[in-house]
Amino acid sequence: EAQVTQNPRYLITVTGKKLTVTCSQNMNHEYMSWYRQDPGLGLRQIYYSMNVEVTDKGDVPEGYKVSRKEKRNFPLILESPSPNQTSLYFCASRGQGYNEQFFGPGTRLTVL
Amino acid sequence: QKEVEQDPGPLSVPEGAIVSLNCTYSNSAFQYFMWYRQYSRKGPELLMYTYSSGNKEDGRFTAQVDKSSKYISLFIRDSQPSDSATYLCAMSSVASGTYKYIFGTGTRLKVLA
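Protein sequences, first through last, are from chains A and B. For the first sequence, this note's numbering begins at 1002 and goes up steadily by one. For the second sequence, this note's numbering begins at 8 and goes up steadily by one.
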């Protein structure tokens, strides 16, 4: 089944404790992206990657890091999480030349 | 001013009604316009995609883009309770290589049986 998977689905952590949210897709897509979704603010793009080893900032990259060492994986790293990073995070992927982004199921992160 | 404005709702309609959902935007460089549907506790899924101005129809759904007014719409005919979800508009531009997306805040729709 073609899909985007994220892990973990739920995470409660404390300020300053480094964490990684994994994202993997099995559709051989070149493009992958991370978003956060907050009430009243909608979906905002954090980082995106056009292909392996090629990444760029979205609208809200502060406090996040990404890497794209393999085509299928695009982890999101929070090196020192803060409470304002409490949010619902989505990973998405898209084939080159196509317009449909496929979204993962989301990761609900709470930073205390 | 936000680049994309969308009425958050909630919008409640009876089954069978015609629903109109709208977004306005300020960036004239946007050329790609999308509507996503998001059910509770799920990721968004693409409903409609339109390039530049015009209309596009797919079953009960019609997407309209008016670039002169910087206004896009999604119409749902014969609405069903299964259409109850949050609807998000999204846009991107050729200048960004269509890699950057701006989303509206979403409109919550409830269709009453």
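Please note that a few of the clues may not be correct.
Computed list of lysine-lysine pairs in BS3-like fashion (alpha-carbon distance at most 25 Å, straight line) [said to hold, decoys possible]:
hint: 1; chain 1: A; residue 1: Lys1072; chain 2: B; residue 2: Lys9
hint: 2; chain 1: A; residue 1: Lys1058; chain 2: A; residue 2: Lys1018
hint: 3; chain 1: A; residue 1: Lys1070; chain 2: B; residue 2: Lys9
Quick partial rundown of chain B residues pointing at chain A, CB under 10 Å, derived from the structure [as the list claims (entries may be wrong)]:
hint: 4; residue: Lys9
hint: 5; residue: Phe68
hint: 6; residue: Pro88
hint: 7; residue: Tyr108
Rather than coming from a laboratory, the hints here were simulated on the basis of the structure. No experiment lies behind these values; they were computed from the predicted model shown. In this text, a Cβ means the ideal position worked out from N, Cα and C, and glycines have one as well.
Here's how the hints hold up against the structure:
For the hint pairing A:Lys1072 with B:Lys9, the CA-to-CA distance comes to about 33 Å; that exceeds 25 Å, so the pair is violated. Distance restraint check for A:Lys1058 and A:Lys1018: the Cα-Cα separation of roughly 23 Å lies within the 25 Å cut-off, and the hinted pair is therefore satisfied. Between the alpha carbons of A:Lys1070 and B:Lys9 the distance comes to roughly 34 Å, so the proposed pair goes past 25 Å and is violated. A hinted interface residue such as B:Lys9 counts as satisfied when its beta carbon comes closer than 10 Å to some beta carbon of chain A; here the least separation is about 9 Å, so the hint holds.
A cut of 10 Å between beta carbons decides the hint on B:Phe68: the least distance to chain A is about 15 Å, and the hint is violated. For B:Pro88, the interface hint is violated, since its Cβ never comes within 10 Å of a Cβ in chain A; the closest pair sits about 23 Å apart. Hint on B:Tyr108 holds. Least Cβ distance to chain A is approximately 6 Å, under the 10 Å limit.
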